[in-house]
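In this note's numbering, the protein residues as written are 1 to 333.
Please note that the accuracy of each hint is not assured.
Stated by the list, open to error - EDC-like, lysine to aspartate or glutamate: derived pairs with alpha carbons at most 20 Å apart:
1. 204 <-> 214
2. 179 <-> 32
3. 204 <-> 264
4. 204 <-> 235
5. 171 <-> 214
6. 183 <-> 300
7. 179 <-> 285
8. 130 <-> 156
If you're looking for bench data, these hints aren't it; they were derived computationally from the structure.
Values in this document were obtained by computation on a predicted structure and should not be read as measured data.
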Amino acid sequence: MARIKCLGCGKEIYYEGQDKLICPYCNSEIDEVQTLLDRNVLDRLSLAAGFRRVGRFDDAQRELENILDIAPDLTEVIFALVLNYYEVTEYAFNGDGSVALCKCYSTDKRPIEDNKDWKEIKAYAVGANKTKWVALCNVIENLRQRNRRIRDSIPDYRAILLYDYSNEKDKAVADGLYKILSKKTDIFFPPETLKYVPYSEREKYLMQILHTPDKAPLLFIVFSDAFSFRKKSEDYYHNIARQCEEFADFHTKNEMISVTCDYEPPSMIRRLSIKTVFCEDFEEESFGNIAKEMYDYIAEIAFTDDEYVAYKKHGEIAMKNNKFSPIIVPLEK
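The whole structure should be built from the sequences, with the hints applied where relevant.
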């Protein structure tokens with residue numbers, strides 16, 4: 001008996017020599033298990049799947065391409081490329097082969113039916129696995145289209161304002177800064193901006209704006225103490241560390257700005273950001289000065305040279321959406 005990690009959900013399952021292994025947790029199937037074990041591929045596939053589940057798609061892609069150098073015809077590897085391409089972090093099947101769960105964050109322009117790896121899978125895969133994969137890819141395509149609609153429905157903002165949701169002091173500061181800035185410019189502030197979006201949907205909206213520089217070029221992250229990059233919340237909406245890391249993947253180092261007091265930004269933040277708004281304290285009487293410095297950063301990044309000169313003269317930034325800091329209206333299903 002051997003313990004093997006499921007390629008779908010990552011949980012350990014037991015292999016006792018059968019040709020086909022079905023995960024009791026997510027109903028994923030692994031065909032030709034012994035072949036995968038003999039070629040030392042299964043552990044590497046599990047590693048790639050682990051990268052994919054935490055959103056490290058580039059790392060997963062490199063591992064999968066290395067596997068294909070030694071096992072070019074294995075359908076499990078090629079299907080893993082499809083999942084990775086469309087940024088699928090989680091999926092599971094019901095006992096009847098229908099899809100129970102799928103988290104997909106892709107806004108890629110390419111429909112899944114036009115993906116060359118999926119075309120190859122459909123030509124060569126057989127049996128129950130093919131049936132499940134077809135069902136999953138239909139769901140992925142629907143989510144891809146919805147993600148694109150979500151991204152396109154989000155208004156343009158000058159900046160995003162985040163804080164460590166586990167810290168009540170930081171919450172008070174972020175709320176105070178938003179109240180000031182939202183009356184002067186366009187700020188995306190998740191607790192307020194997404195208040196009409198169902199909680200289960202907020203992750204998709206937040207992720208899309210963090211990943212799309214044209215929607216909001218700047219991120220201000222408020223913290224009075226280090227937030228952990230080790231003990232990350234499983235809930236993306238509250239996972240500030242992951243949000244910072246993913247913002248940094250799509251932006252430059254001068255587009256993430258720490259807002260902090262009496263504290264030197266930790267090395268993980270310095271790796272992602274080279275700008276900081278320092279203040280003596282996070283008391284309410286300081287909010288105006290902090291907001292002013294943030295406002296200057298917004299003008300510096302958001303405007304052309306001529307517009308920035310005009311801002312320095314008049315001290316105003318024009319609204320982008322006919323009203324400052326619009327609240328998101330959720331899409332219908």
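Hints and how they fare:
no., hint, verdict
1, 204 <-> 214, "17 Å, holds"
2, 179 <-> 32, "59 Å, violated"
3, 204 <-> 264, "32 Å, violated"
4, 204 <-> 235, "12 Å, holds"
5, 171 <-> 214, "27 Å, violated"
6, 183 <-> 300, "19 Å, holds"
7, 179 <-> 285, "14 Å, holds"
8, 130 <-> 156, "41 Å, violated"
In this structure, the earlier hints numbered 2, 3, 5 and 8 are contradicted, and the remaining ones agree with it.
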